[in-house]
Amino acid sequence: MDALNALVALTNFVIVPALAFGSQLALGALGVTLVYGILRFSNFAHGDTMAFGAMATILCTWALQSVGIGAGALPTALLALPFGIALTSLWLLATDRLVYRFYRRQRVKPIVLVIVSAGVMFVTNGVVRFIIGPDDRNFADGERFIVTAREFRTMTGLDEGLAIKTTQGITVLSALVVVTLLFWFLNRTRTGKSMRAYSDNEDLALLSGIDPERVVLVTWLIVAALATIAGTLYGLDKSFKPFIYFQLLLPMFAAAVIGGLGNPLGAVVGGFVVAFAEVTVTYAWKKVAGYLLPDEIAPSGLLQLISTDYKVAVSFSILVAVLLFRPTGIFKGQSL
Amino acid sequence: MSGASGRAVRSAPVDSTRRAALLAIVIVALLLLTGFTQSWNTALIILNMGLISAVMALGVNLQWGLAGLFNVGIMGFVALGGLAAVLMSMPPTAAAWSAGGARLVMALLLGAATLAAAAVLWRRTRAGTGRSVLMASLLLIGFVAYRWLLDPAADAIESVDPAATGYLGGLGLPVLLSWPVGGLLAAGAAWLIGKTALGLRSDYLAIATLGIAEIVIAVIKNEDWLSRGVKNVVGLPRPVPFEVDLQASETFAGRARELGLDPVMASTLTVKLAYAGLFAVVLLILLVLAQRALHSPWGRMMRAIRDNETSASAMGKNVTARHLQVFILGSAICGIAGAMLTTLDGQLTPGSYQPLRFTFLIWIMVIVGGSGNNVGAVLGGFLIWFLWVQVEPIGQWLMVLITSGMADGSALKAHLLASAAHMRLMTMGVILLLVFRFSPRGLVPER
Amino acid sequence: MSEPFLVGENLVGGYGQADVLHGCTIAVDRGEIAVIVGPNGAGKSTAMKALFGMLSLREGGVRLDGESIDALSPQQRVVHGMGFVPQNANVFPSMTVEENLEMGAFIRRDDIAGTMNEVFELFPILKEKRRQPAGELSGGQRQQVAVGRALMTRPRTLLLDEPTAGVSPIVMDELFDRIIDVARTGIPILMVEQNARQALAIADRGYVLVQGRNAYSGSGAALLADDDVRRSFLGG
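In the order they appear, the protein sequences are chains A, B and C.
Numbering of the first sequence is given in the numbering used here, commencing with residue -9 and proceeding in unit increments.
Numbering of the second sequence is given in the numbering used here, commencing with residue 40 and proceeding in unit increments.
Numbering of the third sequence is given in the numbering used here, commencing with residue 39 and proceeding in unit increments.
Rather than coming from a laboratory, the hints here were simulated on the basis of the structure.
There could be a bad hint or two in this list.
Subject to a maximum C-alpha distance of 27 Å in a straight line, what follows is the list of computed BS3-like cross-link-like pairs (lysine-lysine) [claimed, not checked]:
(1) A:Lys99 - B:Lys356
(2) B:Lys270 - A:Lys231
(3) A:Lys301 - A:Lys276
Coverage of chain B stretches by chain A, computed from C-beta distances (three or more under 8 Å per stretch; other residues unrestricted) [said to hold, decoys possible]:
(4) 235 to 246
(5) 339 to 350
(6) 451 to 459
On a predicted model such as this, the values are computed, not experimentally measured, just so you know.
A virtual CB, placed ideally from N, CA and C, is assigned to each residue, including glycine.
Kindly produce the complete structure, drawing on both the sequences and the hints.
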């Protein structure tokens, strides 16, 4: 029984990746839930908004790299983020002005906005592919690892190594910072509170003199920031390809629904729930079981609950379970 | 469209019948034009896919036009139809069945039984921690047992001549039977999804259907014992003769030469025409049934519910049950189309099911054609499919024109030319947004 | 005689084609409580909405402190000093009591602490529950939050649409006590009420509307004593 090695393996293959993925999903789900709570529709274009944000950041990163500006051990993309966010904000405000605003003024049924957001999704996807092309882009630079597996083994003398990539560390840290800032904004500033009020009771908010267009503007700005950061972090961690962001749509929606649509805290919790579920269920537990169980009953098979091909089934099953048993989600968001 | 703003909006009345007739003439003209300028084979290929798309558009129109449901998972139901074609018409692989067929069936039954038992348990026992623990353990044990049975059986089956088969095969029945069976399979899946996601907010159905499509396609791609996965199932039986057989037949070759046609060309045209005939028959039957349903008391009630859900439910109509009916019907129609599609292809290619891309195209068909109008949706199916196919060469031509002024070898020019291929989808997105905004009732509006 | 502080004169209008109001007049003066009562469908809430600008009037006008405010939108009337407490959905349920009051004062840019203290003095229970989400409070407490929220703009007049709808009799008495306290601070209050008897008991002026017209007007006491009114609307 080798508990320490089991723990290290668990951390290396499950906990660290799940934390990183959870942070990315949390940021993505936050964007989805904000749009749902304030603008009152499920934004199918959010995945491709993340792609747009990542693309904008990549372009600025390349620009910075070409003039020799770097961030040392950290990826240059971090420096490019503010510009990426600015560009994405412009894009979102343009789509709002050209597409969503018309329907908002008409007070249409929510499903109309969902359909329209699907249209925006395709246009955004097309624009991204047009500008940056459909291929893989690797734009991470700087130190690759905070601690490599070999360093870890040398330090601790254990068999199992624990590798923590810089991008993983940055992801978790950024998510922490962003979430804290967002919650501070929503709960302690006048504008943030007015947005919560608008989400809570639109008519009363209007009566109180809250300007709806201002609320919408600030919402899109925040969503742009969230999407750009999430998209960039995901691209740094894995690699950038315009198509992959669409696959995140279902996990992000699942995360937002689990936490309670419209509830920011729920989105964050939901993001980690989905990430941990996906990673633990598709992980081959053979190694960890081998460390923990005596040799006689050590497993022969991979002990993988579900193959990685069915990753999508994990978030979908969680979504279905939540819809069946608790549609308002953990934190009782707005469901109907 | 009616119901978009919650009230029945009737702007200046449009003669829908005349619009439909005009649109039909336009489509026929376009096809004839293609035949003359490109080739008759091309025209017939477009026609056949257009017929299938029209059927799918009809199904989607039932869901959207009658009940205002946004089904993003159309591809999943289409894929189920394709699977049905394989499961019904391919010959069974005897060796595979003996290797692990029985165990596999047992595993599936066990899985289904576990779920059923869980459902019964949930309903019959009182809420509380005890029930949750019981459910969790039941599901866990069931899952483990299911995998313990399934994995070795699946491996055994897949190792039987993997190059040619490696799967269980089908029932060896006539392929035309698989079309209604495809509809039934899709209806079953629709029932499951509908029970879960209908009655909640409309966004939830969209998200849930997105997921189900992904899962269905993932299953077909990965469960080789069922569908050979990405190795594809080729050589599906056909309801029409093979071209080579026609060419070999003396009577056929003779008749072709009399008409002044090369027998090879004649055989390809005949086969395509035969398919077109079959598909057209199916489309007509479904269209007639759909029109009957639309104008029946049931159809009127559905539209009343759509236009004012709150007062309808206040009157005691079970809105969710009605929505479920429409959802199942529309999905079944898509399943039939899926079986037809796979039959036309002659093979099941799981990799070709792009969940959102084709789904989206069908939606444009419905919206452009006329949401709520069955004939409009069908015509929209033809028109949009035609555009989708022809836009690529036109787009390339346009891009060449635009970049003609640029220096050869310039990076920008290369980039623009390469991007032209990707612009199809974006163009469709723009079309959707424009039509939805400026002409939401479509070309052939609901009456 | 100087004009009453808030006057809606000869109001004619409705929600679409059909008129609900057929030329009624409502007025409330400084330091007064005025109450609108009447049978269902009489146009009580409609009259109040007309005063607040949520209804387009075909005829008639509304004047606040002598000035015509017909051209102002409801939000603008709030800025001009009208406070309005809707009948339903009149709080932000997921926000705390304190946040609700803050949102009530949204149009103000100055320091609202003083006003908030005054509201807490008027409604002590709100001070106790200031950090609780408004949606978790009981019906009567929620109504107090709603009224407090409207008071945060230091309105020059307060309009209440059926403030005691759906609350128990004891809570209703307490609410009316609070409303009297508010009136004592000098703000003219106009109230639409279903509980006619209790409402008229605290009213300085009462209007009985029937089918969008003034049927009876007078002081609350006079209306309570009037045989016709008693028989028709107060159950004898």
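We went through each hint and held it up to the structure:
1. A:Lys99 - B:Lys356: 21 Å, holds
2. B:Lys270 - A:Lys231: Cα-Cα ~26 Å, so holds.
3. A:Lys301 - A:Lys276: 19 Å, holds
4. 235 to 246: Since 9 is at least three, the answer is holds.
5. 339 to 350: violated (count 0)
6. 451 to 459: Holds, because 3 residues of the segment 451 to 459 of chain B bring their Cβ atoms closer than 8 Å to Cβ atoms of chain A.
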